[in-house]
Amino acid sequence: FMANLRPSSVVPFVTRLDPSRWAIQAHAGNGIVWGHALGETELEGLALEIEQLRAVAVRDGGNLILPRCPTDAKERLRVWGEPRPDWKIAKRVKQALDPKGVMNPGRFVGTI
Numbered sequence: 002f003m004a005n006l007r008p009s010s011v012v013p014f015v016t017r018l019d020p021s022r023w024a025i026q027a028h029a030g031n032g033i034v035w036g037h038a039l040g041e042t043e044l045e046g047l048a049l050e051i052e053q054l055r056a057v058a059v060r061d062g063g064n065l066i067l068p069r070c071p072t073d074a075k076e077r078l079r080v081w082g083e084p085r086p087d088w089k090i091a092k093r094v095k096q097a098l099d100p101k102g103v104m105n106p107g108r109f110v111g112t113i
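For what it's worth, the numbering used here labels the leading residue of the sequence shown as 2, then goes sequentially.
Treat each hint with caution, since some may be false.
Taking lysine-lysine pairs in the DSS-like style, the calculated list, with each CA pair at most 25 Å apart, reads [to be verified]:
| no. | residue 1 | residue 2 |
| --- | --- | --- |
| 1 | Lys101 | Lys75 |
| 2 | Lys75 | Lys89 |
| 3 | Lys95 | Lys75 |
| 4 | Lys101 | Lys89 |
| 5 | Lys75 | Lys92 |
Everything labelled a hint here was simulated from the structure, so no lab data went into it. As the structure is a prediction and not an experimental result, all values here were calculated from the model.
Could you build the full structure based on these sequences and the hints that come with them?
Here's what the structure looks like:
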């Protein structure tokens with residue numbers, strides 16, 4: 002995952018993570034936290050943990066996305082994080098440029 006947070010939220014966010022389960026790279030200066038699940042991971046448990054972490058990030062004014070994950074997981078997880086108001090604009094632009102929806106359907110931010 003990649004979480005974007007306020008710099009002041011990085012340490013409290015990272016302390017929630019189990020170091021035996023997650024490899025973490027945190028940048029307190031810009032509020033970016035990268036996490037990579039370690040070892041064998043069950044999608045159901047991981048999905049629940051990701052959603053809990055996302056809720057914390059959003060509550061603190063940030064978001065959490067999944068830049069990389071198995072294809073089957075992308076169908077069940079919100080890889081682009083919580084919907085944002087500006088996604089409506091992006092969707093309108095995409096519809097104007099691709100009215101038939103043939104260019105990479107569902108692959109852009111917010112599954113546009």
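Status of the hints after comparison with the structure:
With a C-alpha separation of about 23 Å, the suggested pairing of Lys101 with Lys75 holds against the 25 Å cut-off. Under the criterion of a C-alpha separation no larger than 25 Å, the hint pairing Lys75 with Lys89 is consistent with the structure, at around 21 Å. Between Lys95 and Lys75, the direct Cα distance comes to roughly 21 Å. Compliance with the 25 Å bound is thereby established for this hinted pair. Between Lys101 and Lys89 the alpha-carbon distance is near 18 Å, which keeps this suggested pair within the 25 Å criterion.
In summary, the hint linking Lys75 to Lys92 is supported, as the alpha carbons are separated by about 19 Å, within the 25 Å threshold.
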